[in-house]
Structure formats: C-alpha cells, structure tokens
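Enquirer: Chain by chain, the residues:
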Amino acid sequence: MSTFSIEFRDVSLTRPNGARALDHFSLGVEAGEVLALVGRSGAGKTTVIKLVNRLLTADAGTVLVEGRDAREWDPIALRRRVGYVLQDIGLFPHMTVADNVAVVPGLERWTAERTDARVRELLDLVGLPPQQFAARWPDELSGGQRQRVGVARALAADPPVLLMDEPFGALDPMTRAELRAEFRRIQQKVRKTVIIVTHDMGEAFALGDRVGVIDAGRLVVCDVPAAVAASTDPRVRQLLDAVIATQREASAER
Amino acid sequence: MNALFSFWIAHRVELASLLGQHVLLVAGSTLVAVAIAVPLGIFAARRPRLAAPLTAIANIVQTVPSLAMFGFLLPVPFVGGVGARAALLVLILYGLLPIVRTTIAGLQGIDATIREAGVALGMTPRQLLRLVELPLALPSIVAGVRVAAVVGVGSATIAAAIGAGGLGEYIYRGLSMVDTTVILAGAVPAAVLALAVDGSLLWMERELSARRRSWSRRVVASAAAVVTGIVLVSSGVAARQAGGAIVVGSKNFTEQLVLGELIAQSIEREGLPVQRRLNLGGTLICDRALLTGDIDVYVEYTGTALTAVFHQPVSMDSTGVFSSVRDLYARTGRTLLPPLGFNNTFAILVRGSDARSLRLTTIDDAARESAHWRAGFGYEFVERPDGYTGLAKAYGMRFPQPPHVMDLTLSYRALASGQVDMIAGDATAGLIKGLDLVQLDDNRHYFPPYDAAAVARAETLLRYPQARRALERLSGRVSPDAMRAMNYAADVEHRDVRAIARDFLDR
Ligand SMILES: Nc1ncnc2c1ncn2[C@@H]1O[C@H](COP(=O)(O)OP(=O)(O)O)[C@@H](O)[C@H]1O
Ligand SMILES: [Mg+2]
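These protein sequence lines are chains L and U, in that order.
In terms of the numbering used here, the first sequence opens at residue 1 and continues consecutively.
In terms of the numbering used here, the second sequence opens at residue 1001 and continues consecutively.
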C-alpha cells in the first residue's frame, strides 16, 4: 500500500514518432506536497503530467493516483478529481470568466447557487474581484489574469490533486514573481497535492517542497531544494548554471 | 415600374400566398438540411478519410442543374413526382453541401489546446461537443446555412416548374406570356428575399462570432426558432394538402393555363374545393403527375397523347384517334372526357408580309423557300415523333442550317422580328393574330388531329360525380374561335387568366 498521492513506478512511454518520452521513470508525490518538476524543453515534463490525468497511458510500468492504477480509473471521474492548468491555459473563448470557472461544477451538476458562490470564492482567491472580472471575456484579460482564471477553473470542484504545466512560462518577470507569491499564498490555504512543471530551476526552488530534475525522460534527482542545489550531476549543474547566468544578466542590466 | 406596382396591387393576395409558399419551401428545406448536414459534418470531421469523399459527393449533387434534378425525381415513388414534396427534397439536397462543408471546417478549425482543456476538465465526448466544439463552430455553420438558404431562394423559383408554387410561378407565367412585368413581379421579390435572408443570417453570424451572448440562451433561442419553423412548415404543408379536394393541372403555355383555369372554375361552380397546379412543364410531367395522383385532371390533346404518351404510330382519323386514346387511358385508370371542341394542331407559321409577297398558302409553298430560310422550333417539336424530322421528310424541306431550338412562346416573337422565317406554333395561339402571322395549310395531312379533351383519374370521377358533371358540361363548348380569342386576351391584351375563364363561363 502506497502512502503517495501520486506515484510513478518504472514508467516508460514511447511517442508515436518513436521518441522515448519517458524511460523507466519512478517518482512519488505525497499528499499536500508541492513537487516542482524541472527540465529542459523536450525532457518529458508534459508527458509526466498527462499520464496522471490519463490524457496519455503508459506503455510499461504503473501510474497510481490515490493508490489506484490510472488505467483502472474511469477517465472522466479521474479528470474531475485532478485539476489541470495547461501550458497554453486553453480558456474557452466563448465563455465569460465566470462561465469558464463554472465548467466543472456544471459537469458535476451543482445547483446554480452553489456554483455561483464557489465562482466568487475562487475569483477572490486568485485575486480577481468577481464584480470586476466575472462577466469579462478571456480576450479582455492580460496574460497574468488569464493564468489566474486557469488556476481558478482547475480548482473549481476542489480536486485533491493539481497539475500545473509551466503556468507562468509565457509571462513577464514581474508578473511571474507576483504569481509565484500568489501561488504560495493559495497553496497555504488549499493544501493540494501539486505537480508544477517549469524549465526554470529558480522557479522550482521558489515553489517546490521538493524538486525533481528530469532529463531525456529519466529522473536525475528528486530532493529538497538545498540537496538539489548541492548536486554534482552535470545535467543538474547545467540547469543551475542557467539560473546563475540569468541572475548575472539581470544584475548587469541594472 | 408603374405597371409592376399595379400588378402587385391587383394580385396582392396571390403575391402574399406565393411569397409565403416560397418562404416555407426555403425555410423547411433549410431546416431539414441543417438537421441532416450538421450531424453528418460532425461525423465526418472526426474521420478525415470520410470528410473528403463526402464533400466530393455533395459537390457533385450541387452541380446537377436544378431542373435536371427535378426531372430525375419525377418517377421516384413517394418522394418524387410534382408538388412541394419533390421540391423540398431537391432543395434539401442542395442545402446539404454548404452546411456539411462549413460544419467540418468549423470543427476542424478549433484550437487543439481548447479541445484538450475540455477533455482534461473531465468532459465526455458529448459534453465536449455540446459545450465547446459546437459553440465554437457555430459561426462557421451559420455561414453554411446562409449560403444554403440564399441558394435555396433561387432554386425554389425553379420549383414552380413542378407545381410547388412560390414566386417562380410569376416568372414562369411571365415567360409563357412573354410579359416582362409578370416576370419581374416574381423575380424582384425573390431577389429581395435572397438579400434579406443573406443579410439577417450574416448579422447572426457576426453576433455569434462576437460571442457576446451566453451559449445556453443561444440554444434556447435557436430551439425556439427551429420549433417555430417546423410548426410553420407543417401547418403550411397541411394547409396545402387540405386546400383542395380536386387538383387541376396544366402544361406551361397560355392556352393550357386558360383551360386549367376553366376546368378549375367549372368544378368550383359545382361546389367542390379545387387546388391549382398549373404551369407544370411539358406533357410528360403532366402525364406522370396524373398517374401518381399528384393531379386529378388536366387537358391533353388526342394526337399528343397517342404519340408522346402512348408511343403509338401517327394516325389521321380524328374519331379513331380519340377512341384509341380513350381506351389506352382507360387501361391505366384514367378517363378521357369528350373533346372540348377545338383542334389545336401544330400550325406552321410564317410572317404575314412573307405570305403576301411570296404568295404562300400551303406548307408545300414554304418548302420551296426552305433552302434560304431559317426555322425556329420549340424543344418539344424537335423531339416528338410527329415533329420536325417527319415534317421535313413529308414536305422535302431543306434548311441550310439545323433549326434554332428555342422556347415555344419566344419563337412567335422571333418569327415576327425576323430572326427566323418559319416556326411551328399552336393553331389557337392568340399571338398569331396579335403579331400578324399566317398559318399555312397542311396540304399533305402530315399532322394528326390534336383535339383538346380533359383527362382525369377515374377514381376521382367516381368519388366526385359533380366533377364529372362539370367536365362534361365543358365538352363541345370551346370552339376554335373561342379558344383563339381567350389566348389573344391573355397573350396580347394581358388580361388576367382567371377573369378570362370567368367571363367565358358566365356567357
Ligand atoms: N504529440 C506528440 N507526438 C509525438 N511526440 C511528442 C508529442 N508531444 C511530445 N512529444 C515528444 O515527447 C518528448 C517529451 O515531450 P514533452 O513531455 O512535451 O516535453 P516537455 O514538456 O518537457 O517539453 C519530446 O521528445 C517530444 O518531441
Ligand atoms: Mg511541455
């Protein structure tokens, strides 16, 4: 019996084009823990995420969600228990902010009052005052605001697990810093099991209780930030050096 | 311009009902096309291998000219034949392609990320379709519906050829009377209708792409529109079916319209409700409609029935032809009533001026001139066994060029204006007098007799003895002079056909 909320046991997956997206990948995430998954582009981060909510299924090995094989879950039920913030957000352009957030409550047939109350609560939680934002359309929002709506939508039905795929990737550094702080504040309140994907080691250190480094479909290291920072593995060092380089550039600009 | 407005005012009740029929035809067929094409498009959009051939088939259907399509459908049981049913079917077939195509395009154009977001949030495929894919594809689908409806407004004018009613009625009537005002009376409202349909659906398309209304309200609104539409259509169809106990048909030239009206009014005077399906295209369409019960009665000519309907050899004996045709009809459940009283033989016509200067009185005289003449004939005359080929052989005609094939009614004007030198018209045509044309004597007795007589479904006459009485009362009452005078009143004086028939019956 596993104590993990999400567990990967020796999972391999080959994409239709022959790319080995995951290669004997094992990892456990405890309930209420934030795991930051770092790796360069194409390392297999999105693949990990999509295996959890069964947008993909493993060729070999097992993915367990709440102790149950993802293949045994009814995929619809599984996806409603796993919130997902997409890399490209994917807000529904024909729905208002409130309607976007209300999608999963609608699928779960909540009453109108309950849905309404929940939408207000969530918009407040992600820092978008409902009276100002509820009736807006996605194309009337900034990138940061859209990302906040994406988070609210994923949290709507209070899922125990939250998957976030490079949620702050496309934002400017100021907004990113702001949203990171926001994320920590929200996580304090909601205490979800979170896998947050990033290609930025600095962001991983800022957000993760533990940091997992993935390279070419393999887990290189998975530990608390301090231990990862001390790693001598060249694949980890490369990612760390990139952080140092950007910090130098940033200070040079000042 | 003034003539057009006074025509509309004089015919306002009829205009309103034709416009209503037109709208019902287009609305009904478009609704059904949407109901078929959207699911088909959804099905095909998910199977790219199917989408291409399906679009190709729909494309081919689209390129069949509508008149040909009506022709193909005439002999098809249940759906074919004449009337609104067949017209609806053709219009539905035409509507399918644009809607299937835009449904596929709309669905395939949806951003993959948005679709993935729906799946990841736990939508079932049906929920994804209803909540995400269809709303996003809707502007594109509406664009297809717009094309279908606008094309439908145009095609529906042609539906009048098979008795489906609508504004095409005026266009055909105007063509057969060579009266531009009547043509415009149908063509102008049809054009305005097309513009209105185009504009309102374009507006709807823009509203939907602006996505400023919630999807649920849209569903309610469209559902309400669909329901209203279906109610309208079914009530319209029901009203048409309940509209008349006896359906009177006619072919598509003036004399037939007058005779159809004459029959209709004399049956009405017996107290029976009548539905008019006048202007039904040629002999074969009328015959088929009579066989299938789409019409109950129309006027045929004995010689035409013998050769064109029953494919029997030509015969010159008028009583003999009548009795053999009556027997042939009886065998197929139809009753030929006694002749009306005139023989509408083909009339070989030349200009009055030529007849006088060249001293032409017989077809033999004309055959002598044929080497430097041009002839113009209606489609039917070129095709029928008692038509052009036999005539040329019987009289040894030698035209330097093959005859111009043209609309029968237009050929009178073509002769008068000198574009052709000889035509084959109807002996009773009012235009003969109106345009100073001269009929040449068939001195070699080439043409069989064409005695006009009503032919009716035997079943109908049994069920409604008053109808038989009404038809028998007309027998022998329409002299050649009376017929020519009525044709003249319609074609040259442009008098209303209903009034002409009424005056005749009142005499
Ligand atoms: N839809 C796909 N079809 C085929 N190969 C894919 C697809 N998506 C990703 N891959 C491949 O799988 C590997 C891992 O991709 P991914 O998990 O998206 O990486 P990351 O999110 O870390 O950038 C890469 O080699 C990528 O090229
Ligand atoms: Mg990725």
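Hints are computed from structural coordinates only; laboratory data are not their basis.
Heads up, a few of these hints could be off.
Claimed, not checked - Beta-carbon label-pair distances, calculated as ranges: (1) T62/L x S1209/U: 43 to 49 angstroms; (2) G61/L x Q1062/U: 51 to 57 angstroms; (3) V224/L x P1039/U: 43 to 49 angstroms; (4) E108/L x S1222/U: 23 to 29 angstroms; (5) P1039/U x R136/L: 48 to 54 angstroms.
This structure is a prediction, so every number in the text was calculated from the model and none was measured.
Even for Gly, the Cβ is constructed at its ideal location relative to N, Cα and C.
Enquirer: All hints are to be evaluated individually against the structure, with a verdict given for each.
Expert: Cross-check of the supplied hints:
no.	hint	verdict
1	T62/L x S1209/U: 43 to 49 angstroms	holds (46 angstroms)
2	G61/L x Q1062/U: 51 to 57 angstroms	holds (53 angstroms)
3	V224/L x P1039/U: 43 to 49 angstroms	violated (56 angstroms)
4	E108/L x S1222/U: 23 to 29 angstroms	holds (26 angstroms)
5	P1039/U x R136/L: 48 to 54 angstroms	violated (34 angstroms)
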